[in-house]
Structures are given as C-alpha cells and as structure tokens.
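Generate coordinates for the entire structure from the input sequences, incorporating the hints supplied.
Chain residues, written in single-letter form:
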Amino acid sequence: QKEVEQDPGPLSVPEGAIVSLNCTYSNSAFQYFMWYRQYSRKGPELLMYTYSSGNKEDGRFTAQVDKSSKYISLFIRDSQPSDSATYLCALKEGGGGNKLTFGTGTQLKVEL
Amino acid sequence: SAVISQKPSRDICQRGTSLTIQCQVDSQVTMMFWYRQQPGQSLTLIATANQGSEATYESGFVIDKFPISRPNLTFSTLTVSNMSPEDSSIYLCSVAAGGGTDTQYFGPGTRLTVL
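Protein chains in written order, with the numbering used here: chain A, 1 to 112; chain L, 1001 to 1115.
Just so you know, the hints here were simulated from the structure itself, not pulled from any lab data. Fair warning: there could be bad hints in the mix.
Negatives, chain A to chain L, calculated, CB over 10 Å [to be verified]: (1) Pro14; (2) Glu15; (3) Ser84.
Quick look at which bits of chain L chain A covers, simulated, 3 or more residues with Cβ under 8 Å [said to hold, decoys possible]: (4) 1034-1043; (5) 1103-1113.
Note that the structure is predicted; figures quoted are calculated from it, not measured. For each residue, glycine too, the CB sits at the ideal point set by N, CA and C.
Right, here's the structure in full:
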C-alpha cells in the first residue's frame, strides 16, 4: 500500500463547476499538508499549505484536512480553463524532517 | 518565493553516458533537494543537499549513481551516471521555503530521455 493515494483521473469538468480533489494517507505522523499545481512541462507550484486539521481558504481554493480519517481535499470554486493542470498533494511528517511525500497527482481539465 | 532555474531543460542521451543537471536559485538557501518524477508515478526524493556537507540520499538512491555537488548557497548539480532507459524521467530541484513554513519551491525540471 502506498503511503499516499490519489486518483490519477483524468477529471473533466465544465467551466464554473466546483472541483473536489482528494488524497488519502496511511501514515499518522503526517502533520503538514500541501497542494501543488503542475502545468504540463512545468515544475510544481505551491497552492496551499495547511498544518494539522481544519480548513484553509485562499480565493477560489479551499484546503481541508481530516486527520481522523487521514483524508485531505482541495476544492476549487468557479473553475476556469486556466485551472487545467495536474494537482499533487504533498505531506510531511512532524519532527523537523524535510521529506515531502507526494501523491501521484490528479489530472484536471476544465472545459469551456 | 525563490526563483529557481535548471539547465538543461531537456536532453536525449545514450545508454551508458552521464548527464549533469544544474540548479540555480536567486537567493541563498540552506537546503536544496533533488526529486525524480517518472511517468505515472509520484515525485520521489532522491537526496537532500546542504552546502558544505555530503548529500543525504533516500533509500534506493546511491551516490555512485546520483552524485550531487553543492558548492555554495545558490547552486547545486545532480549527475545521473551510467544511464539506462529506466533513468528516463523528469528531474526537479527544490528549495526549502523557510519563513516558518515547511514547504518547498520547485524548479521547472529537466526532462531526460535515455535511448
């Protein structure tokens, strides 16, 4: 079993839709949770960073962490064609280490 | 956020040869990281490079195959040695964001194809 599971998609939605992207994990030591966006042939770009459980909102993006269920989500409201990319979840253990553990990424396409 | 550049952006190499990838950051950073992103797989950390010390390699990666240099606080290189087609991948460097967060910023990546 992988430490982090993420549905690879592709996920296709119409413009304006609400998108829900998810990751599940097995390691209860993960304390820091991140979402990265990666456009084709580009490096990952940090979107959201959350420590421990709860919600965090930034514009059209909301990150949600449920540590009891080992489940994290990224919601995109009013999705735009420019949101078409691969979304990667990344998790880090507490305790001062630096290693990020990534999901495989979900490919999202927002269609006009 | 830090601006990170990588050279080359892509390359096609022959089996048995070596390629050195450069990573340049626009500000001084303590920690730099090298990742591999194979098709359909998650980003995997190869090693952590601190200036003035030997790189720390993750399980499954060895210095003889992936030697790393870190001569100063803005630059690092990763060499992929004695390449085989299985080394075809995107190689990315990243830097710790600092500022009290535990995130990393990534370079644009080097797309390597080994024939």
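A quick look at each hint next to the structure:
1. Pro14: The assertion about A:Pro14 holds, with a minimum of 26 Å to chain L.
2. Glu15: holds, 27 Å
3. Ser84: Given a closest Cβ separation of 18 Å, the condition holds.
4. 1034-1043: holds (count 4)
5. 1103-1113: With 8 residues closer than 8 Å to chain A, the segment 1103-1113 of chain L meets the three-residue bar; holds.
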